[in-house]
Amino acid sequence: MASLGVLLVVSVDSYLEAELDRRFNLFRLWESPPSRRREFLQANAPWIRAVVGSPNGCADAELIDQLPNLEIVANCGVGIDKVDLPLCRERGIRVVYTPDVVTDDTADLGIGLTIAALRRICDADRYTRDGSWKDKGNYKLTSKFSGKAVGILGLGRIGLAVAKRAQGFGCPICYCSRSEKPNTNYKYYPSVLDLAYNCHVLVAACPLTDETHHIINREVIEALGPKGVLVNIGRGSLVDEKELVSALLDGRLGAAGLDVFEHEPHVPEQLFGLENVVLVPHIGTDTVETTKAMSDLILDNLAAYMLNKPLLTPDIDKEYRRARLLAGWLSC
Amino acid sequence: MATDPGRLPQVLILGPKQGLGRAFSAGFHFIKPWESTMPLNLFLAAHAAAVRAVISTALVAVDAPLIRALPSLGFVFTTSVGVDHIDLVECARRGIAVANAGAIFSRDVADYAVGLLVDVLLHVSASYRYVLRGLWPVAGDFPPRCKLGGKRVGIVGLGSIGSEIAKRLEAFGCSISYFSRNKKPLFPYTYFPTVGDLAAESDVLVIACALTEETHHIIDKDVMLALGKDGIIINVGRGPLVNEAELVKHLIQGKIGGAGLDVFEHEPAVPEELFRMDNVVLSSHQAVLTIESTNDLVELAMANLEAFFSNRPLLTPVHGTT
Chain Z
23 MASLGVLLVV SVDSYLEAEL DRRFNLFRLW ESPPSRRREF LQANAPWIRA VVGSPNGCAD
83 AELIDQLPNL EIVANCGVGI DKVDLPLCRE RGIRVVYTPD VVTDDTADLG IGLTIAALRR
143 ICDADRYTRD GSWKDKGNYK LTSKFSGKAV GILGLGRIGL AVAKRAQGFG CPICYCSRSE
203 KPNTNYKYYP SVLDLAYNCH VLVAACPLTD ETHHIINREV IEALGPKGVL VNIGRGSLVD
263 EKELVSALLD GRLGAAGLDV FEHEPHVPEQ LFGLENVVLV PHIGTDTVET TKAMSDLILD
323 NLAAYMLNKP LLTPDIDKEY RRARLLAGWL SC
Chain V
323 MATDPGRLPQ VLILGPKQGL GRAFSAGFHF IKPWESTMPL NLFLAAHAAA VRAVISTALV
383 AVDAPLIRAL PSLGFVFTTS VGVDHIDLVE CARRGIAVAN AGAIFSRDVA DYAVGLLVDV
443 LLHVSASYRY VLRGLWPVAG DFPPRCKLGG KRVGIVGLGS IGSEIAKRLE AFGCSISYFS
503 RNKKPLFPYT YFPTVGDLAA ESDVLVIACA LTEETHHIID KDVMLALGKD GIIINVGRGP
563 LVNEAELVKH LIQGKIGGAG LDVFEHEPAV PEELFRMDNV VLSSHQAVLT IESTNDLVEL
623 AMANLEAFFS NRPLLTPVHG TT
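Residue numbers (this note's numbering), protein chains in the order written: chain Z, 23 to 354; chain V, 323 to 644.
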């Protein structure tokens, strides 16, 4: 049987790329200059049955349209906002991703950003390095984390992992999600606005969809308030970034810890140097172990597909449709 | 009718005004040297005879000469947990009771220790600097780091702070073991009889024990060797618990993986070699300092004073001094 033709949309981890090259028939889209991509795809489309992408680029409508033999899309990451799911469903294209392996690392960062924002860890590091301790005395008092109410937007795998860690700090947990989760004791709020009024730290850990775009808007930010903390480990566009910047500059929001942004790799420069803001470059899943685990999952899924064996990860479209059917995404 | 301040118990406050300036209770008269223009030694000489209690911070040595200069001294309250700045032997000789901050700071210190560890392992501060320098659009993604989950964490000192740290890190999927003066059977963690043994079986060492003669430089070259080149050291105890010169050398030579340090041997001096390192996170002895705990501390100080002056048990006595 001919090897599976795989289109790699963006540059990925070198191990994944090397293994894709070794095990399959690999086509590298980004090696073509943008003006020649249409030509490249036209020339190679007959052989391309699989697409591998990441949160930096995957299978949008334009790409899918140029690949008539596309059968499976593999997204290296758990955020699949760069995959046109409805179109894939329409064309019978399978979509697989990498759940579970990214859960712990992302949750670890969520709590790390929370503590860093409340206790000013990054600014204190700067204060110590630039000699201010000697010249100006002690750093100012910061805000306690233990025991503060943590509100989680999206109680999926990552949200649950954040909750588990926050409980170790004695934090009461509340959440807003597409549906109330039956197996937890956490307080449920049907709207993210209610959630923001009732927590001190709001952690955004839900997927980006049409409904959740800018779900954290000016109203929600102001409900969180001048002592509130926003931590975003989901997707940049969950938050209205312009409103966020304005609120932080005005003091209408207390602090923020951000791993994701609306227009990565660009970060609003007005936030640079604010002591109450921690900005990191989408490092949520960037551990050596997790990167390899994600790569292996992608490779094993493609290999299984090629051999007509069952895929290793749940059909993502089925997961999403079932969840929507259960509760809808109304006021959240 | 207000009581004449001279008839109230006289309580001397030693240390910076920050934090202690708010000490207030109608039952005592607080002597605050910073409100006078006199040089401290003359000020103290003028008030010494009447002082019955002292509130001090860890920055002020309550040593034998000071104690001898205060003939009526009966009680010392320190706003710190550490008591290495107090001559406990002299206090015992004079029958002076001593109380400290007890467990008030434990959670805040534990939070900060975890924050430092997450920052070192996940490169939070280092990647933040990367963003501030405008490197993300230009130089691409920040290099990958190691996972926190599954790391073996060895805690040196499983007291009030160490046990809070352990509880938090368990939720991150770390495995916990410890070294302490005494085994703690109530905790489910693995005990090691020496710090060297602990280091050999750990990926991270978190230092949270008291500074005493025995624990001075307890983290030495041998312990660092046992920990290994990928090992991380987090110190929220006291600077002299770690041989700082050796640590700096090990970091420079890549014989230790990284460090998160809130305390140093000669504060506020910090070895400048550390300033250029991305695998190190530094802070200025502030793991204890939150707004909430500072308020709690003032209340605790007042409560201890009231207990002392009404012959009731102190709330947070330092063992062996009452």
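Check before you lean on any hint, since a few could be wrong.
The calculated lysine-lysine pairs, modelled on DSS-like cross-linking and capped at a C-alpha distance of 25 Å, are [claimed, not checked]:
no., chain 1, residue 1, chain 2, residue 2
1, V, K354, Z, K314
2, Z, K186, V, K354
3, V, K571, Z, K186
4, Z, K186, V, K577
5, V, K469, V, K354
6, Z, K158, V, K551
7, Z, K314, V, K543
8, V, K571, Z, K314
9, V, K551, V, K571
10, Z, K156, V, K571
11, Z, K166, V, K489
12, Z, K162, V, K354
13, Z, K209, V, K489
14, Z, K186, Z, K162
Beyond 12 Å from chain V on every Cβ pair, some chain Z residues (computed) [claimed, not checked]:
no., residue
15, G169
16, P303
17, A315
Think of the hints as simulated: they come from the structure by calculation, not from any bench.
Only a predicted model underlies this, so the values are computations on that prediction, with no experimental measurement involved.
Cβ atoms here follow ideal geometry from the backbone N, Cα and C, with glycine treated the same way.
Which of the numbered hints are not met once you compare them with the structure shown? Checked against the structure, the hints that fail are numbers 1, 2, 3, 4, 5, 6, 7, 8, 14, 15, 16 and 17, while the rest are satisfied.
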